[in-house]
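S.K.: Letter by letter, the chains look like this.
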Amino acid sequence: MIGALNQGKSVIETMLAVEAGGAKGHTPTSGGKFLTFTLGNEEYGVPVLKVREIIKVMDITQVPQVPDYVLGVINLRGKVIPVIDLRRKFGFPAMEHTERTCIIVVDVDLAQMRVMMGVVVDSVSEVLNVTDTEIEETPEFGGRVTTAYLLGLAKVKDSVKILLDLDRVLGSDGQLGTRAS
Amino acid sequence: MADATPMSGEPDNELGAFIADPELAGMFIADATDHLGTIEATLLKLEKSPSDLKLVNDIFRPFHTVKGNAGVLGIASIEEFAHKIETLLDLARSGKHPIGPAEIDLVLKTVDLLKLIIEELPARAAGKPVTDTSARRRELMARVDELIAGSTPPPSQKAGFTSPPPPSSNMDSDRDRGRAPVRDEQSTVKVDTKKLDNLVDMVGELVIAQAILAEDPAITGAADDRLSRRLAHVRRITSDLQRDTMAMRMVPIRQTFQKMARLARDLARKFEKPCTMTLSGEDTELDRKVVEHLTDPLMHMVRNAIDHGIESPAARQAAGKPAAAELRLRAFHRAGFIVVEIADDGAGLDTEKILAKGRAQRLVPDGLELAPADIHQLIFQPGFSTAAQVTELSGRGVGMDVVRRNIEALRGRIDIHTELGKGATFSIQLPLTLAIVDGILLGVGGDRFVIPTFAVQESFRPLPEQVQTMQGQVCMVQVRDRLYPLLHLGEVFNISGARQRVSEGTVVICHDSGRSVALAVDELLGKQEVVIKSLGEMFKSIRGIAGGAILGDGRIGLILDTGGLLSLVGKTTSQVAA
Chain B
1 MIGALNQGKS VIETMLAVEA GGAKGHTPTS GGKFLTFTLG NEEYGVPVLK
51 VREIIKVMDI TQVPQVPDYV LGVINLRGKV IPVIDLRRKF GFPAMEHTER
101 TCIIVVDVDL AQMRVMMGVV VDSVSEVLNV TDTEIEETPE FGGRVTTAYL
151 LGLAKVKDSV KILLDLDRVL GSDGQLGTRA S
Chain S
1 MADATPMSGE PDNELGAFIA DPELAGMFIA DATDHLGTIE ATLLKLEKSP
51 SDLKLVNDIF RPFHTVKGNA GVLGIASIEE FAHKIETLLD LARSGKHPIG
101 PAEIDLVLKT VDLLKLIIEE LPARAAGKPV TDTSARRREL MARVDELIAG
151 STPPPSQKAG FTSPPPPSSN MDSDRDRGRA PVRDEQSTVK VDTKKLDNLV
201 DMVGELVIAQ AILAEDPAIT GAADDRLSRR LAHVRRITSD LQRDTMAMRM
251 VPIRQTFQKM ARLARDLARK FEKPCTMTLS GEDTELDRKV VEHLTDPLMH
301 MVRNAIDHGI ESPAARQAAG KPAAAELRLR AFHRAGFIVV EIADDGAGLD
351 TEKILAKGRA QRLVPDGLEL APADIHQLIF QPGFSTAAQV TELSGRGVGM
401 DVVRRNIEAL RGRIDIHTEL GKGATFSIQL PLTLAIVDGI LLGVGGDRFV
451 IPTFAVQESF RPLPEQVQTM QGQVCMVQVR DRLYPLLHLG EVFNISGARQ
501 RVSEGTVVIC HDSGRSVALA VDELLGKQEV VIKSLGEMFK SIRGIAGGAI
551 LGDGRIGLIL DTGGLLSLVG KTTSQVAA
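Residue numbers (the numbering used here), protein chains in the order written: chain B, 1 to 181; chain S, 1 to 578.
Hints in this document: simulated from the structure, not taken from any laboratory.
Warning: the hint list may mix true and false statements.
[Claimed, not checked] Facing chain B, from chain S, some residues (calculated, C-beta under 10 Å):
1. E205
2. L267
3. N494
C-beta: ideal position from N, C-alpha, C; glycine also.
If we strip away everything but chain B, and leave its shape as in the complex, we get:
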């Protein structure tokens, strides 16, 4: 279903799936529905309750005096929302946007308030039902990888999805991860 995202049709389909998942409550590190996406070769997941919609990359207005992972602002039907490049936030090497590049619009709870933000990812995969037993506690990586912003790791169908705590990822200043960019 997600493969068709670029034809524009299944954005709505994805949205429907996202909304259906929204009916079920989710607490961190317990199972639930996650929207999965890719960055490089890695698969990530965010709780669908956080996701408002998925849009194609549109014109982004650059804003001066901000870290490079803040791409700027977009006009989402009259609302001005900031857009974050998750690649740069995690220290991945920058990549040209392709037709599979998407902006996931999410609700983020910062210290005082809830804000809407756009997150640029390489491609959106699917909405995945993750059971409690499939989630593993984040192992310690000996300080080489920051784990504070992870909800856990999910082993589904022989692949590992990294479940992100978006509030922490987007609420933190500076670049995360240890890869040199």
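We have chain B; now place chain S onto it with these hints.
M.R.: Okay, now just chain S, sitting in the frame of chain B:
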């Protein structure tokens, strides 16, 4: 009725209905606050003509409503208190008790106390600690007895406030209620301001979406009369809708003016400088946000006028003026702006003294001659005034520089007209709305920026010899005899593709708070009215950007903030980023 309840403390159970029905509770608070405001304003009028029984009636009626509503919600402490004061008003309006300064004072204090009690109701309902008003209530209620005992006691005086209101009083209020519709009452609906702001936002978007559609090549290229007629129809409806929604955000300045009248009265007593305040144009409508942010500066200016502007009665008489000073507060429309003016007939500003002080504090360089209007602007400089005054002013929390900053934050300006010995007039000029700004579109590289038209002084294509360099860096632009610091927008904001040579682009001179800066941009793209949008929490610390605007093609253009840009002058890109 409520007299059976002992007066100490608040019975905890009296808020049962208030808690059970939050909607009714909210309406009660809003209504009571409105009514108390009306009562306060009428009291000030009554003070001037104490024998006008119609005014007493105008006070009695809303007072009775507040009492009645409190009764409906079962808030016995308010009902009982209001009832006692109402007894006095009832005697007064039937001519059985004369109204004097003591009575007015008492009712004003009652209004203050009721405001406090009502304001704190939600906190009380939530179980939070609130001000204990029982002692003050008892005191005011006892005062009613004293006042009534002092006047010729009407026959049924005691019974009047220890038993339920006599039938006659009920009949009176019924009559009043029956008469109410005859007055030109306008029916209104109370709406959450958030909903209203949202609506205004959406309508703004609709207007822009309509413009985008109208400019679409597929439509402009189509030679179809019927289509363009239909589009024109949509445009008309959209702009009507926009005008009407904008009007919904407008509120009359009346309440703010009434607050000032009350403040002036209290201050006149405190400083023992009798003065009358006349209000005009209270029905002038302003954007709700403007009115909210106007209260503080106005309060400070009223204080200033009475404290510093108006002389003591003795000094006034010596100068051949009436002992009682006159303060005038006016609001009116002028050339697409709203003007709020506060005038006094006091001593006026001493231009020479201000200039001397300005020179002493090195705000004015020696030898520089200033026009009187420029000298008067000195009082808005931060830190201007003697040490003694600073302490006094800081005790109040606002100085004239704060007044100016508040006004400028509303995109307004403040001017002073004064004549020594005759008085001073401060006039504040404000835009009709804050939601929309008239802007000039600037292009730099591939980016577009909007600069508010009011901040722009002039723009031109500079000749190479107008651009001054220092140590190889472009830093100044000469216009006629003046040098302006130059800010290369493409460089400070690190925009790729911006023209490097200043003389190949355009220079825009803009000003803020009396300072100016020359902006080097690639080109001017035109004029446009834009809806101002906040960029949100994430970008609040960015200097030089006031917000974003959605442009005709749906993209976002950043709105420049001249004050912030001025703070960037002389900094390199790396310093700005850091």
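S.K.: So, for every hint listed, does it hold in this structure?
M.R.: Consistency of the hints with the structure:
Checking E205 (chain S) against chain B: minimum C-beta separation of about 4 Å stays under 10 Å; hint holds. Checking L267 (chain S) against chain B: minimum C-beta separation of about 38 Å lies over 10 Å; hint violated. Given hint, N494 (chain S) at the interface with chain B, holds; its Cβ is 6 Å from that chain's nearest Cβ, closer than 10 Å.
In terms of the numbered hints stated before, the structure departs from hint 2 and from no other.
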